[in-house]
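Novice: Below are the chains, spelled out letter by letter.
Number of protein chains: 2
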Amino acid sequence: MTNETLLRCRQELHTHLTTELLPFWTARTADHINGGFITHFDEYGNDSGEDEKSLIAQTRSIYTYASAHRAVYGNGALAELARHGVEYLLAKMWDTEHGGFYWMTNRKGEVLNDQKIVYGQSFAIYCLSEYTLATGDPRGVDYAQKVFDLLQKYGADTCYGGYFEVFDRQWTLSGPGAAGGNRKTLDAHMHLMEAFTALYECTRQPIHRRKLLEVINLLVGKIMHPIYGTGVPQFWADWRVAPQIKFDVIWGWDRFTEDGVKREAEDNTSYGHNAEFAWLLIHALSILEIPHETYFNQLQKALSHAADYGIDWEFGGVFVEGSHGGKVYDREKEFWQQAEVLIGFLDAYRLFGDEKYWRAYENVHRFVLDKMVNHEAGEWWPLMTRQGVPIWTHMSHSWKINYHTVRSVVQSIRRLDKLLTTR
Amino acid sequence: MTNETLLRCRQELHTHLTTELLPFWTARTADHINGGFITHFDEYGNDSGEDEKSLIAQTRSIYTYASAHRAVYGNGALAELARHGVEYLLAKMWDTEHGGFYWMTNRKGEVLNDQKIVYGQSFAIYCLSEYTLATGDPRGVDYAQKVFDLLQKYGADTCYGGYFEVFDRQWTLSGPGAAGGNRKTLDAHMHLMEAFTALYECTRQPIHRRKLLEVINLLVGKIMHPIYGTGVPQFWADWRVAPQIKFDVIWGWDRFTEDGVKREAEDNTSYGHNAEFAWLLIHALSILEIPHETYFNQLQKALSHAADYGIDWEFGGVFVEGSHGGKVYDREKEFWQQAEVLIGFLDAYRLFGDEKYWRAYENVHRFVLDKMVNHEAGEWWPLMTRQGVPIWTHMSHSWKINYHTVRSVVQSIRRLDKLLTTR
Numbered sequence: 001m002t003n004e005t006l007l008r009c010r011q012e013l014h015t016h017l018t019t020e021l022l023p024f025w026t027a028r029t030a031d032h033i034n035g036g037f038i039t040h041f042d043e044y045g046n047d048s049g050e051d052e053k054s055l056i057a058q059t060r061s062i063y064t065y066a067s068a069h070r071a072v073y074g075n076g077a078l079a080e081l082a083r084h085g086v087e088y089l090l091a092k093m094w095d096t097e098h099g100g101f102y103w104m105t106n107r108k109g110e111v112l113n114d115q116k117i118v119y120g121q122s123f124a125i126y127c128l129s130e131y132t133l134a135t136g137d138p139r140g141v142d143y144a145q146k147v148f149d150l151l152q153k154y155g156a157d158t159c160y161g162g163y164f165e166v167f168d169r170q171w172t173l174s175g176p177g178a179a180g181g182n183r184k185t186l187d188a189h190m191h192l193m194e195a196f197t198a199l200y201e202c203t204r205q206p207i208h209r210r211k212l213l214e215v216i217n218l219l220v221g222k223i224m225h226p227i228y229g230t231g232v233p234q235f236w237a238d239w240r241v242a243p244q245i246k247f248d249v250i251w252g253w254d255r256f257t258e259d260g261v262k263r264e265a266e267d268n269t270s271y272g273h274n275a276e277f278a279w280l281l282i283h284a285l286s287i288l289e290i291p292h293e294t295y296f297n298q299l300q301k302a303l304s305h306a307a308d309y310g311i312d313w314e315f316g317g318v319f320v321e322g323s324h325g326g327k328v329y330d331r332e333k334e335f336w337q338q339a340e341v342l343i344g345f346l347d348a349y350r351l352f353g354d355e356k357y358w359r360a361y362e363n364v365h366r367f368v369l370d371k372m373v374n375h376e377a378g379e380w381w382p383l384m385t386r387q388g389v390p391i392w393t394h395m396s397h398s399w400k401i402n403y404h405t406v407r408s409v410v411q412s413i414r415r416l417d418k419l420l421t422t423r
Numbered sequence: 001m002t003n004e005t006l007l008r009c010r011q012e013l014h015t016h017l018t019t020e021l022l023p024f025w026t027a028r029t030a031d032h033i034n035g036g037f038i039t040h041f042d043e044y045g046n047d048s049g050e051d052e053k054s055l056i057a058q059t060r061s062i063y064t065y066a067s068a069h070r071a072v073y074g075n076g077a078l079a080e081l082a083r084h085g086v087e088y089l090l091a092k093m094w095d096t097e098h099g100g101f102y103w104m105t106n107r108k109g110e111v112l113n114d115q116k117i118v119y120g121q122s123f124a125i126y127c128l129s130e131y132t133l134a135t136g137d138p139r140g141v142d143y144a145q146k147v148f149d150l151l152q153k154y155g156a157d158t159c160y161g162g163y164f165e166v167f168d169r170q171w172t173l174s175g176p177g178a179a180g181g182n183r184k185t186l187d188a189h190m191h192l193m194e195a196f197t198a199l200y201e202c203t204r205q206p207i208h209r210r211k212l213l214e215v216i217n218l219l220v221g222k223i224m225h226p227i228y229g230t231g232v233p234q235f236w237a238d239w240r241v242a243p244q245i246k247f248d249v250i251w252g253w254d255r256f257t258e259d260g261v262k263r264e265a266e267d268n269t270s271y272g273h274n275a276e277f278a279w280l281l282i283h284a285l286s287i288l289e290i291p292h293e294t295y296f297n298q299l300q301k302a303l304s305h306a307a308d309y310g311i312d313w314e315f316g317g318v319f320v321e322g323s324h325g326g327k328v329y330d331r332e333k334e335f336w337q338q339a340e341v342l343i344g345f346l347d348a349y350r351l352f353g354d355e356k357y358w359r360a361y362e363n364v365h366r367f368v369l370d371k372m373v374n375h376e377a378g379e380w381w382p383l384m385t386r387q388g389v390p391i392w393t394h395m396s397h398s399w400k401i402n403y404h405t406v407r408s409v410v411q412s413i414r415r416l417d418k419l420l421t422t423r
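Note that the protein sequences, when read in sequence, are chains A and B. The working numbering numbers the first residue of the first sequence as 1 and each following residue consecutively. The working numbering numbers the first residue of the second sequence as 1 and each following residue consecutively.
Hints are not guaranteed to be accurate.
DSSO-like mimics (lysine-lysine), calculated; alpha carbons at most 27 Å apart, straight line [unchecked claim]: (1) 153(A) with 222(B); (2) 146(B) with 301(B); (3) 327(B) with 356(B); (4) 153(A) with 146(B); (5) 222(A) with 222(B).
The set of hints was computed from the structure by calculation and includes no laboratory data.
Turn these sequences into a full structure, and let the hints guide you.
Specialist: Set out below in structure tokens:
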């Protein structure tokens, strides 16, 4: 691929980010009455009115604005927006009695769900660390460390390793099955890696480094498939593979059959998760100053599985999920998988030098800019048919916000710039 | 066995406890100049002068006096002695900057070794919980909980489960090998079970219950031998069995060859540890209100191994250690193994009703009272030849104190009383 191609891709992303994506949010998300962010918008960018503020959407928003400010966008306005979010998070979502952040409030800040969900706590650590890195405000990392300590005390399973994931307000572990108390997931552990990376980057404390290394070893040693190197979504507490079920408290907008089970509940992996895992691991190793070659085999397997089996060469974009062996199960196009493979394929191209990763990148890049972006509004469609017709049409709700989209564009620009300067 | 035999044994123990053992300590251990306890005495009970106060000896002493007071000995004097020990522990051994208790001070209270050793922290939790249970003074359980929280944050291995064991003052994990940072031991995990049992008995907090259950599952599932149900002394971090080596910081007075390796480094188990493990587990289950039948198989294996292979029917007493299959490697007689099997065999006799456990108990009971007790002084010899001639002659030092001996006698009397009243 030529420098012209690189530059054209870079410019397309930059234009999308600065004229569509960031303006979509800065124009409408701040809740000037109740604090925090409004995170429910329809396909036209109109407030769709749901009376919810979810921990996920609030923390991911803070991450988005803090990290984009750190990447020198926004002339300070994004740092201010992040601060506005942190004030709400600390004032309304922090449990002053038992510690940790509540799962859900209404717009006014009254608690709707007081459970402590590790997935949400991990985003609190992530965004609060990033906020301090971006602004220097010590409140972020203070609270990030409080949450880290709570996860060590209440989250960690000192018998089998890893973290339990669903707790009540008092941090008592939830029951089994759909209540989620007897399962462990790729999703939560991958986001703990992401969170501990930002925390360690911020504090440089040995304990944060050690626990980051422990969760990396756990992911590579037990959570990724021993042969295929692809992500296994769910486990029992003792790390036997568990059939993938839907939890009572959902933290994604995932598709299940009506009885809450995946069609291929024990042989299912997400191309988007695998690429996201790989680039997050590469980033973690970079912060840890450990050569990525240490996990070369793991990285190569996860990224090549996504490139070899996940790409739709006919209609463009990356599929939702398929088997560890490669067979595609779900050919629709969801926003976050597109976002994550962009970064993953650019990392793979840079590290492995294989043109197949560039071709895969370019394929998804085109699909995103030509189909996935709702240019009328500025944000991405959440879910499309294989051919690229919107199925769901909201621009944002409690589980779809700007974290995947903005991060993908910011990180892809950074990687394209690096490719341009090192050629 | 007859009621007369039970009663005679009970009376022998009671006389030993109240006229020899407790008076030995109450007469000489309080350090009225510097606070805390003097814990170095020769065979005549004279202060042997070592300028040390070890975390192990201070905490075990507090446990001894608190628990004996709780068992209604001492008319209040033992509670006062425990309080005297707690004041020193909190004032001189607590690290106000990084948390946790130092490993060693001199008699004045100046820190000689500032490492944080999990084995010692576990005894801090144990004695401070017992102290609050015995006296109602909340300072005990306050600090026990602080240590518990530190162990969850710094001790726990969130990759493979269990706890790492050796840290520097700042709680950074020590290096591998003799430094101890890459091994996990039966010893530390068994004493964490003991400590968390007392903590949970004191607080009844769900998190203390959960972590107690986790360490029990770890002990039964990974630390005890999968076939023989006997204790495996040392492991690598990932729970593969490791050859038994001597650590730089020792927490027992164990015997190794000159190069610090056990003769049978990978097939070695301690009859005393196995019986101690079994009765501590029975006690934990009782506090948890879980039927002991849940772990019947484990309990039966550990106790019968000690009774079937560990007893010296020729000279009396229990041997030091041998193979998991039964073969005895070390036929000398150490004080703490005698102490622990007494309690274990009485529990086994009560639960399983097999006369072999009574015969084993009676054998060791006779050996202890006829040979192991230094009646001139009041305490037990630390180590004797197989025939019962003292090899080491100190009554106490930094690693031999009154915890095993007094606890054994107090707990055996309690069990004999129970046998007498339920017949």
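Novice: Indicate, hint by hint, whether the structure satisfies it.
Specialist: Checked hints:
1. 153(A) with 222(B): holds, 22 Å
2. 146(B) with 301(B): violated, 36 Å
3. 327(B) with 356(B): Between residue 327(B) and residue 356(B) the Cα gap is close to 19 Å, so the pair holds against 27 Å.
4. 153(A) with 146(B): holds, 11 Å
5. 222(A) with 222(B): Holds: residue 222(A) and residue 222(B) sit about 17 Å apart, inside 27 Å.
Consistency note: the structure conflicts with earlier hint 2 alone.
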